[in-house]
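Participant: Here is how the chains run, residue by residue.
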Amino acid sequence: MTVLDAEVLVIGSGAGGATTAMVLAEAGRSVLVVEEGPWVEPGTLVPFSLEEMARTYRHHGSSAALGAPPIAYAEGRCVGGSTEVNSGLWHRLPAALAEEWRQQYGLDEFTPSALDAYAARIEGWVPVHAVPGAAPRSSALIAEGAATLGWRSVEFPRAVAYDASGRGTKQSMLRTLLPRAVAAGATVMADTAVRRLRIRDGRVRGALCRRTRPDGTHDDLEIRADHVVVCGGAVQSPALLQRSGLRRGIGMGLKMHPTIKVAARFPHAVDHDDVPMHRITEFSPQLAIGGSASRRGHVALALADSGADVRGALEDWDHVFVYYAAIRSDLGGRVVSVPGLRAPLVTYRLTDADLSRLARGLVHLGEALLAAGATELYPSVEGGQVVRRPEDLVRWWSQVDRARSNLMTVHLTSSIRMSSDPALAGADGFGRVWGVENLRVNDASLLADAPGVNPQAAIMTIALRNADHFLATT
Amino acid sequence: MLPIERRVVADLTQSTDPALRQRVHDWVDGTLQDMSDVLRLGVAAESVLFTVWVGLRRPRDLHGLLAWLDRSPISLLRSYPRLFRSLVLFGELELDDGAVS
Chain A
0 MTVLDAEVLV IGSGAGGATT AMVLAEAGRS VLVVEEGPWV EPGTLVPFSL EEMARTYRHH
60 GSSAALGAPP IAYAEGRCVG GSTEVNSGLW HRLPAALAEE WRQQYGLDEF TPSALDAYAA
120 RIEGWVPVHA VPGAAPRSSA LIAEGAATLG WRSVEFPRAV AYDASGRGTK QSMLRTLLPR
180 AVAAGATVMA DTAVRRLRIR DGRVRGALCR RTRPDGTHDD LEIRADHVVV CGGAVQSPAL
240 LQRSGLRRGI GMGLKMHPTI KVAARFPHAV DHDDVPMHRI TEFSPQLAIG GSASRRGHVA
300 LALADSGADV RGALEDWDHV FVYYAAIRSD LGGRVVSVPG LRAPLVTYRL TDADLSRLAR
360 GLVHLGEALL AAGATELYPS VEGGQVVRRP EDLVRWWSQV DRARSNLMTV HLTSSIRMSS
420 DPALAGADGF GRVWGVENLR VNDASLLADA PGVNPQAAIM TIALRNADHF LATT
Chain B
0 MLPIERRVVA DLTQSTDPAL RQRVHDWVDG TLQDMSDVLR LGVAAESVLF TVWVGLRRPR
60 DLHGLLAWLD RSPISLLRSY PRLFRSLVLF GELELDDGAV S
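Just so you know, the sequences run in chain order A and B.
At position 466 of the first sequence the residue is numbered 465 (numbering that gives the first Met the number 0), and the sequence of numbers has no breaks.
At position 47 of the second sequence the residue is numbered 46 (numbering that gives the first Met the number 0), and the sequence of numbers has no breaks.
Some hints here could point you the wrong way.
Among the chain B residues that face chain A by a calculated CB cut under 8 angstroms, a handful are [stated by the list, open to error]:
{"no.": "1", "residue": "ASP60"}
{"no.": "2", "residue": "ARG77"}
{"no.": "3", "residue": "LEU94"}
Derived Cβ-Cβ restraints for the label pairs, each shown as a range [stated by the list, open to error]:
{"no.": "4", "chain 1": "B", "residue 1": "GLN32", "chain 2": "A", "residue 2": "ASP214", "range": "12 to 20 angstroms"}
{"no.": "5", "chain 1": "B", "residue 1": "ILE73", "chain 2": "A", "residue 2": "ASP315", "range": "50 to 58 angstroms"}
{"no.": "6", "chain 1": "B", "residue 1": "ALA9", "chain 2": "A", "residue 2": "LEU423", "range": "49 to 57 angstroms"}
{"no.": "7", "chain 1": "A", "residue 1": "THR350", "chain 2": "B", "residue 2": "ILE73", "range": "36 to 44 angstroms"}
{"no.": "8", "chain 1": "B", "residue 1": "ASP95", "chain 2": "A", "residue 2": "ALA163", "range": "34 to 42 angstroms"}
{"no.": "9", "chain 1": "B", "residue 1": "SER71", "chain 2": "A", "residue 2": "THR472", "range": "51 to 59 angstroms"}
{"no.": "10", "chain 1": "B", "residue 1": "GLY54", "chain 2": "A", "residue 2": "ALA352", "range": "43 to 51 angstroms"}
{"no.": "11", "chain 1": "B", "residue 1": "THR15", "chain 2": "A", "residue 2": "ASP317", "range": "17 to 25 angstroms"}
Hints were generated in silico from the structure; no laboratory data involved.
These figures come from a predicted structure and were not determined experimentally.
In this text, a Cβ means the ideal position worked out from N, Cα and C, and glycines have one as well.
Next comes chain A alone, as it looks inside the complex (with noise of 0.2 angstroms):
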């Protein structure tokens, strides 16, 4: 077995794992990022395509909460996390949540004006920044089907730097943050999974890895640190940390947006090229509005799950938009390691109120892509109505149910909550475990709750809070 040696370890790479490597170095810590998945140099794959799911996310998007209903998830799985697979939309802690948060988990420099300091210093490093000139037509049409009914929406900013000629790159932590890390003297191990962790006397003492060569034959690392910062995003870090033998807060209270999808066709085309970057923010938080990656595949896919006759539309297909409505819900889920197996186990729980609002989340959503001239609306549904008049949207309301409706979400938060009462959370405020006094969570895991918008700046920018912490008291 190889040993290596290291100030800081950070397992993992996304938006937590990033940021707190970068802060670190630059600080001059001796940094060791370690990451599961591959390095896949930025640009090299279609976005949303077949081979970017089957190279960088997990399971190759496959992945499922337990529950009725199951709820379909995705995670990046690569060096940059799923910073290197999201649409990149930047939507900062919304203030009223920060404010709650401070107060039910009895958090210190968590106030929202602390808060937008912070993330402030993240925008700094990586450029957000509108469309410019008009935005495309597939979210254009969101904006319509909102003014036309006279609700809300807002073209939100994205993570992503336009050139002369208004082309866009995104701005993922393989583009951003991990080059400065590297360049302020971290080291980026790619393909590298983290078994356990060794913890002994209150301490964490390092991680027994292994590396995956190129040839496919394994490598057996154990990595010395003097601390160790998990960052693997909602699922793993929770498993993780239970493997080696921390349980108590640790993967209770998993949150996510449970997302319906609606198939909308047009009697125009529409660019496909993008994920829309409007959202309709009249429900908001509860409920968030806006559209999908749409290749030929989402596109069939999203048809198809009504599970009506879609032939026509999908020779249509260049017609026809995803878009979906998101909801915050009541309850939450788990995500258990269990010995034996490789993946945890997450099962996730919907209340009938959850069940409602997604179905008023549904018929909202038909709402808008009726008035913004939408033909017809497949929903996601088995045995949905495919609707072609407003009036026929009602029929919406009764067929959402446990049976029937197919879910899913591409965020997921919550699972090791940060709090300064040990009995409310699993770390504490500023993402410490307890019980080990030099392992840290940074994390999505660390949110209270799902935010109700697209989660990374707030990741970002309470890792950065928390690694100045770190800077701060190690």
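Take the given structure of chain A and dock chain B to it, following the hints.
Facilitator: Just chain B now, kept in the frame of chain A:
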């Protein structure tokens, strides 16, 4: 993939192009291999069950099985053809060289 899974994939693949059919097969196979243990075990258990079901019936009617599963009131049973149909549909459209992305 288990034998019945290969048959389901072959049955659901629309293309007559052998190369594309093979790519779709490989994509589904890779996805099943990479699936989380719990989900893969569940799919495999259903596959074994349906292998027995098809084996006991004459003729060995895979089409009939998939149609029966599609109509089942049990969502877990309906999810079996839906999973394969989704993987095949997505793979076939995305792997088709002539497809517009």
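Participant: All hints, please: hold or fail.
Facilitator: Structure-based check of each hint:
{"no.": "1", "hint": "ASP60", "result": "violated (21 angstroms)"}
{"no.": "2", "hint": "ARG77", "result": "holds (7 angstroms)"}
{"no.": "3", "hint": "LEU94", "result": "holds (6 angstroms)"}
{"no.": "4", "hint": "B:GLN32 x A:ASP214: 12 to 20 angstroms", "result": "holds (18 angstroms)"}
{"no.": "5", "hint": "B:ILE73 x A:ASP315: 50 to 58 angstroms", "result": "violated (34 angstroms)"}
{"no.": "6", "hint": "B:ALA9 x A:LEU423: 49 to 57 angstroms", "result": "holds (53 angstroms)"}
{"no.": "7", "hint": "A:THR350 x B:ILE73: 36 to 44 angstroms", "result": "violated (22 angstroms)"}
{"no.": "8", "hint": "B:ASP95 x A:ALA163: 34 to 42 angstroms", "result": "holds (35 angstroms)"}
{"no.": "9", "hint": "B:SER71 x A:THR472: 51 to 59 angstroms", "result": "holds (57 angstroms)"}
{"no.": "10", "hint": "B:GLY54 x A:ALA352: 43 to 51 angstroms", "result": "holds (45 angstroms)"}
{"no.": "11", "hint": "B:THR15 x A:ASP317: 17 to 25 angstroms", "result": "holds (24 angstroms)"}
In terms of the numbered hints stated before, the structure departs from hints 1, 5 and 7, listed from lowest to highest.
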